[in-house]
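**Q** Model the placement of chain X on the given structure of chain P, informed by the hints.
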Amino acid sequence: MKNTFLAIVAIIAFAGMANAQLTSSATATANARILCPLAITHTTGADNELNFGCLINNGGGTATVTNGLVGILSTSANLYSYTGTNAGCNLDFATGAVFHLTGEPGFSYNAIANDPSGAGWSVDLNYNNDILAGAVTNDLSGGVNNTVLGNEGCSNYIVHVGGVLTVMPGFYGSINSGFTVTVQYN
Amino acid sequence: MKKIIFLLAITAVLIGSDRASAFVTPTSSSATAHACARIFHPIKLTWKQAMEFGSFVAGSTNGYATINATTMGALTVTNDNPYPITPTMYGGAYRIEQPAVIERPATFKAEGQPFWTFGIYLPTDPVHAAVILAPGVNPNGTLYDDPILELDQFNTNQPGSYVPVAGDVDGSGSPDGPGGVPDPNGGIGTFNASGLRYFAVGARVKIEPNDRPAEYTGEFTVTIYYN
Chain P
36 MKNTFLAIVA
46 IIAFAGMANA
56 QLTSSATATA
66 NARILCPLAI
76 THTTGADNEL
86 NFGCLINNGG
96 GTATVTNGLV
106 GILSTSANLY
116 SYTGTNAGCN
126 LDFATGAVFH
136 LTGEPGFSYN
146 AIANDPSGAG
156 WSVDLNYNND
166 ILAGAVTNDL
176 SGGVNNTVLG
186 NEGCSNYIVH
196 VGGVLTVMPG
206 FYGSINSGFT
216 VTVQYN
Chain X
13 MKKIIFLLAI
23 TAVLIGSDRA
33 SAFVTPTSSS
43 ATAHACARIF
53 HPIKLTWKQA
63 MEFGSFVAGS
73 TNGYATINAT
83 TMGALTVTND
93 NPYPITPTMY
103 GGAYRIEQPA
113 VIERPATFKA
123 EGQPFWTFGI
133 YLPTDPVHAA
143 VILAPGVNPN
153 GTLYDDPILE
163 LDQFNTNQPG
173 SYVPVAGDVD
183 GSGSPDGPGG
193 VPDPNGGIGT
203 FNASGLRYFA
213 VGARVKIEPN
223 DRPAEYTGEF
233 TVTIYYN
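Chains as they are written, first to last, in this note's numbering: chain P, 36 to 221; chain X, 13 to 239.
If we strip away everything but chain X, and leave its shape as in the complex, we get:
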């Protein structure tokens, strides 16, 4: 009798367990990973002051006047306006101090991620400052040249910028002969702890004998980029 009862019990258990099958496994599990990112400030450039070469009288040969931003060092900033202390001019043509014009480089304000470095790209092709006037005749009876002044050799006061050659009156690139090609790179700037950097841009202007007496104005583009 005992044997019969035992066999019946086993059968009942097996039948009641889903067709005589049994599961042995954990049913859930967890693991942890991380989501990561680093978010930084955008870069921004604002023009603050115009480049001023002053006044000249054309000579009998080509003359050059250069604003060398590489030698002026730090700028003075007052009310978010940067000013050079002492810009440097080189000879060429005939400078006239009337009307009184303070020669100075163009200045810019750069904003970005604190302590990051950025590259400055200056124009490599000559930029023309033009006067929109009808062609006329100079007092000597010859036609004026096209009313433009040509600017080149752009430079900045940031490390690595092109350095204009001292005494390069004839535009050869060096006092003694042919010089190198101006470096198109305007140097490398570094943002301070506030994410700011003011910098200056100089250039060289050519004044030709038949350039028309007038006030000349032009535009040039400066680009900055994160390294």
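Extracted from the complex, chain P is given alone in its bound form:
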């Protein structure tokens, strides 16, 4: 009996020693990063649209609104800015379009839009993420732009859209054409 007991104890002891050699533990880490979502919005309003104002067409030409903080209008020969009282043009100011952008600081994005056009006129759009020092003008229909966001946090970016309006000789009338800007992380 005693031998059997000792044998059982021995077996149990040996079994315990064998389990310790078959197991091991280690600690790993799990990481996740939540980025600022890339989103562009536009608030409808007279001061937020791309507006070339009132123009006198005396043989065709171009009008340009810059894409800086304040849209500045300039015209080529035969196309003149009119700011008199007829048709309320004294209150029809040239402005650049304004979009608000959220995105991850330091990341780059691409912006693209289809240039609006019609019979006798067309607009070549460009944009500037002017919160960046030294930002350059980017053609909205020209493909990949790789604009890099600064360090202003998630939701403090403003994109100004300007453009060059080309008017053909003999075109007279109103232009009011929508254009959609799409942004995408590179």
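Worth flagging that the hints you see were computed from the coordinates, not collected in a lab.
Just so we're clear, the structure is a prediction, and the values are computed from it rather than from any experiment.
Quick reminder that beta carbons are idealized off the backbone N, C-alpha and C, glycines included.
Just to be clear, a hint being listed does not mean it is correct.
[What the hints assert, rightly or not] Computed Cβ-Cβ distance ranges for the label pairs, DEER-style:
#, chain 1, residue 1, chain 2, residue 2, range
1, X, 171, P, 153, 47 to 53 Å
2, P, 128, X, 222, 49 to 55 Å
3, X, 92, P, 122, 24 to 30 Å
4, P, 72, X, 123, 43 to 49 Å
5, X, 93, P, 204, 26 to 32 Å
6, P, 211, X, 123, 22 to 28 Å
7, P, 126, X, 237, 18 to 24 Å
8, P, 72, X, 127, 49 to 55 Å
9, P, 215, X, 205, 35 to 41 Å
**A** The following block gives chain X in isolation, referenced to the frame of chain P:
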């Protein structure tokens, strides 16, 4: 055994996910704005008919003859040529009806944006009608004055234009004494639905006693501008 398998599976997943990092964000977004402009017709002015004062004989004192466009009302337009119905002349000097000359104002054709208004700017300084001739001696033995006639008090038939004073024979500005300074503004015109407006321009000519008998011709400039 089950515990070991579970830990191995988690490790494999984390290693395969770019250094154990995960992205959670939309990758594109769109928004729509508008491109706007209003394009209008240019303004254009064309001279159509000359101003005609007719014929005079100089008197012993200064004389004035005035074509008053403000009282003639609308013009008659035939084949794009505007004509006044009845121009008004005031006394002064001695008018002669030979050769037969129809006194009339100058007429102009303005073109621009339908229904827009425009301002008319007339000469404010006297305009000289001149004859290019060598100075001569009149029958009385005195020298002729410089061969020019002076025109002033330009006016139009558009609202707001300067109105010449009736009976202002001596050029004082009013029948009873000194008058006001002629208004340099030729009034405000309004384009019709076709973008047209014809208007007339009158003026006053001074004829001095020693003015040389001759035919005098001069030029004056009228400017229009969108308001």
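**Q** Between residue 92(X) and residue 122(P), does the beta-carbon spacing fit 24 to 30 Å?
**A** Given about 27 Å between the Cβ atoms, the range holds.
**Q** Do the Cβ positions of residue 126(P) and residue 237(X) conform to the proposed distance bound of 18 to 24 Å?
**A** The hinted range 18 to 24 Å holds for residue 126(P) and residue 237(X), with Cβ atoms some 19 Å apart.
**Q** Looking only at beta-carbon atoms, does the pair residue 171(X), residue 153(P) fall within the given range of 47 to 53 Å?
**A** At 38 Å between Cβs, range violated.
**Q** Assuming the hint says 26 to 32 Å, is it satisfied by the Cβ distance from residue 93(X) to residue 204(P) or not?
**A** Holds: the Cβ-Cβ distance is about 28 Å, inside 26 to 32 Å.
**Q** Can you tell me whether the CB distance of residue 72(P) to residue 123(X) sits inside 43 to 49 Å?
**A** For residue 123(X) against residue 72(P), whose Cβ atoms are near 56 Å apart, the range 43 to 49 Å is violated.
**Q** Given a hint of 49 to 55 Å, does the C-beta separation of residue 72(P) and residue 127(X) actually sit inside it?
**A** 50 Å, holds
**Q** So does residue 128(P) sit 49 to 55 Å from residue 222(X), Cβ to Cβ?
**A** 60 Å, violated
**Q** Is the gap between the beta carbons of residue 215(P) and residue 205(X) within 35 to 41 Å?
**A** 38 Å Cβ-Cβ, so the 35 to 41 Å window holds.
**Q** Residue 211(P) and residue 123(X), beta-carbon distance inside 22 to 28 Å?
**A** Holds - the Cβ-Cβ distance for residue 211(P) and residue 123(X), about 27 Å, lies within 22 to 28 Å.
The structure fails hints 1, 2 and 4 (numbered hints given earlier, in ascending order).
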